[in-house]
Amino acid sequence: MAFNRQTDIAQVLRQRIERAIQAGAIGAGDRLPSTREVATELDADPRVVMAAYRRLAEEGLVEMRARSGVFVASRAPGADRRAARDPLASKQDWVVDLLVDGVMRGVPGPEMPALLARSIAAREVRTAVIATSDDQTLGMCRALKEDFGLACQPVRAADMESAVARMAKYKEDALPTAIRRAQLLITTDKHGPWVTRLAHQLGKRVVVASVRPDLVSDEWLLLMGGPVFVVAQDQRFLRLLRAYLRESPQAAALEANVHMLVAGRDDLSVIAVDAPTYVTEAARHLLGRTHIPGRLIPTARFFAKDCVRAILEQVVELNASRS
Numbered sequence: 001m002a003f004n005r006q007t008d009i010a011q012v013l014r015q016r017i018e019r020a021i022q023a024g025a026i027g028a029g030d031r032l033p034s035t036r037e038v039a040t041e042l043d044a045d046p047r048v049v050m051a052a053y054r055r056l057a058e059e060g061l062v063e064m065r066a067r068s069g070v071f072v073a074s075r076a077p078g079a080d081r082r083a084a085r086d087p088l089a090s091k092q093d094w095v096v097d098l099l100v101d102g103v104m105r106g107v108p109g110p111e112m113p114a115l116l117a118r119s120i121a122a123r124e125v126r127t128a129v130i131a132t133s134d135d136q137t138l139g140m141c142r143a144l145k146e147d148f149g150l151a152c153q154p155v156r157a158a159d160m161e162s163a164v165a166r167m168a169k170y171k172e173d174a175l176p177t178a179i180r181r182a183q184l185l186i187t188t189d190k191h192g193p194w195v196t197r198l199a200h201q202l203g204k205r206v207v208v209a210s211v212r213p214d215l216v217s218d219e220w221l222l223l224m225g226g227p228v229f230v231v232a233q234d235q236r237f238l239r240l241l242r243a244y245l246r247e248s249p250q251a252a253a254l255e256a257n258v259h260m261l262v263a264g265r266d267d268l269s270v271i272a273v274d275a276p277t278y279v280t281e282a283a284r285h286l287l288g289r290t291h292i293p294g295r296l297i298p299t300a301r302f303f304a305k306d307c308v309r310a311i312l313e314q315v316v317e318l319n320a321s322r323s
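Quick note on numbering: the numbering used here labels position 309 of the sequence shown as 309, and the sequence is numbered without any gaps.
Please note: incorrect hints may appear among the correct ones.
To be verified - Using C-beta positions, here's what the derived DEER-type ranges look like:
{"no.": "1", "residue 1": "P113", "residue 2": "Y244", "range": "21 to 31 Å"}
{"no.": "2", "residue 1": "A174", "residue 2": "V273", "range": "42 to 52 Å"}
{"no.": "3", "residue 1": "G109", "residue 2": "G226", "range": "42 to 52 Å"}
{"no.": "4", "residue 1": "D173", "residue 2": "G109", "range": "47 to 57 Å"}
{"no.": "5", "residue 1": "R180", "residue 2": "A121", "range": "42 to 52 Å"}
{"no.": "6", "residue 1": "V273", "residue 2": "D43", "range": "17 to 27 Å"}
{"no.": "7", "residue 1": "W194", "residue 2": "L98", "range": "32 to 42 Å"}
{"no.": "8", "residue 1": "V273", "residue 2": "T299", "range": "20 to 30 Å"}
{"no.": "9", "residue 1": "D159", "residue 2": "D43", "range": "48 to 58 Å"}
{"no.": "10", "residue 1": "P298", "residue 2": "E37", "range": "23 to 33 Å"}
{"no.": "11", "residue 1": "A151", "residue 2": "A300", "range": "41 to 51 Å"}
{"no.": "12", "residue 1": "D189", "residue 2": "D159", "range": "13 to 23 Å"}
{"no.": "13", "residue 1": "Q235", "residue 2": "D45", "range": "24 to 34 Å"}
If you are wondering where the hints come from, they were derived from the structure by calculation, not from laboratory data. Fair warning: this is a prediction, and the values are worked out from it, not measured in the lab. Ideal placement from N, C-alpha and C gives every residue a C-beta, glycine not left out.
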């Protein structure tokens with residue numbers, strides 16, 4: 001697909017750079033792909049790419065150095081890990097688009113904060129997360145808390161099997177308390193069919209979560225150019241991760257560079273000093289204060305866009321039903 005508009009290319013580069021900073025793949029002062037490299041990749045006019053980079057420079061995200069290239073700006077949000085993040089920096093266009101859309105729909109700008117606050121008051125939405133392993137349930141709970149404000153209760157699918165079987169005999173009290181009290185059930189593709197049936201039987205809302213198709217994207221490939229370590233609590237999670245990585249076009253490189261360890265079983269001293277290391281939420285709980293040699297990288301936002309929308313729709317509808 002060819003990109004010929006400055007705003008389109010600026011948006012692609014902005015998202016890529018911000019995600020790479022968040023992933024820990026790049027930081028202040030790191031060189032970015034040249035104008036020519038980006039133009040070739042995006043099938044665009046180099047002059048348009050240069051204009052897009054200048055736009056990002058005006059936003060403070062990048063620095064353009066004569067005869068040297070383009071670099072991550074020292075004042076870019078999150079680029080300097082010692083600096084506080086500014087959630088509004090480099091997002092002005094998005095904020096303006098949101099306000100414009102609201103005004104055009106008849107919602108005055110000053111009223112929007114209160115309307116949004118009422119719509120996404122997620123702390124009132126009781127949620128249970130059902131998945132195979134603690135790595136999945138706790139990881140999803142953390143993401144749902146950070147991105148949506150949802151306070152979730154994790155439930156392992158194995159703990160549900162016998163209870164669901166007893167549900168056929170109309171013994172709802174056999175279900176875990178987290179399920180009985182929940183208004184919203186969130187699960188994975190693997191368990192989607194039976195959790196959906198259960199939710200309908202109980203009169204509860206349900207979302208089958210999906211993962212971003214571009215999760216292994218450019219910013220993560222920057223990390224995976226060398227040894228990367230993943231530490232999980234459950235071998236089953238690592239098998240799922242391996243299967244996911246095999247679907248990537250860069251599967252061979254990922255297979256060679258991504259090393260997976262089980263917390264409490266494998267020797268963590270094999271992790272190279274400062275090597276990018278991802279530790280699941282469940283493994284963090286298990287390891288406690290155990291020292292990990294690598295450079296810990298934050299979790300990427302892994303929910304797909306349609307999944308994010310489905311979750312927000314449920315939260316907004318549940319809040320609307322109470323008002």
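Verification of the supplied hints:
One distance hint, 21 to 31 Å for the beta-carbon pair P113 and Y244, is violated here, with the actual separation near 38 Å. At about 50 Å, the beta-carbon gap between A174 and V273 stays in the expected band of 42 to 52 Å. Taken as a hint, the range 42 to 52 Å holds for the pair G109 and G226, whose Cβ atoms sit roughly 47 Å apart. The hinted window of 47 to 57 Å between D173 and G109 holds, with their beta carbons roughly 49 Å apart.
Hint check: R180 to A121, Cβ distance near 22 Å, so the stated range 42 to 52 Å is violated. Checked against the hint of 17 to 27 Å, the C-beta distance between V273 and D43 comes to roughly 40 Å, which is inconsistent with it. For W194 and L98, the Cβ-Cβ distance of about 38 Å falls inside the hinted range of 32 to 42 Å, so the restraint holds. As the Cβ distance of V273 to T299 is approximately 22 Å, the hint placing it in 20 to 30 Å holds.
In this structure, D159 and D43 meet the distance hint of 48 to 58 Å, their C-beta atoms being roughly 51 Å apart. Take P298 and E37: their Cβ atoms lie about 26 Å apart, and the range 23 to 33 Å holds. Checked against the given bound of 41 to 51 Å, the beta carbons of A151 and A300, roughly 22 Å apart, lie outside it. Against the hinted window of 13 to 23 Å, the Cβ-Cβ separation of D189 and D159 comes to about 19 Å, which satisfies the hint.
In this structure the supplied range 24 to 34 Å is violated for Q235 paired with D45, their Cβ-Cβ distance being about 50 Å.
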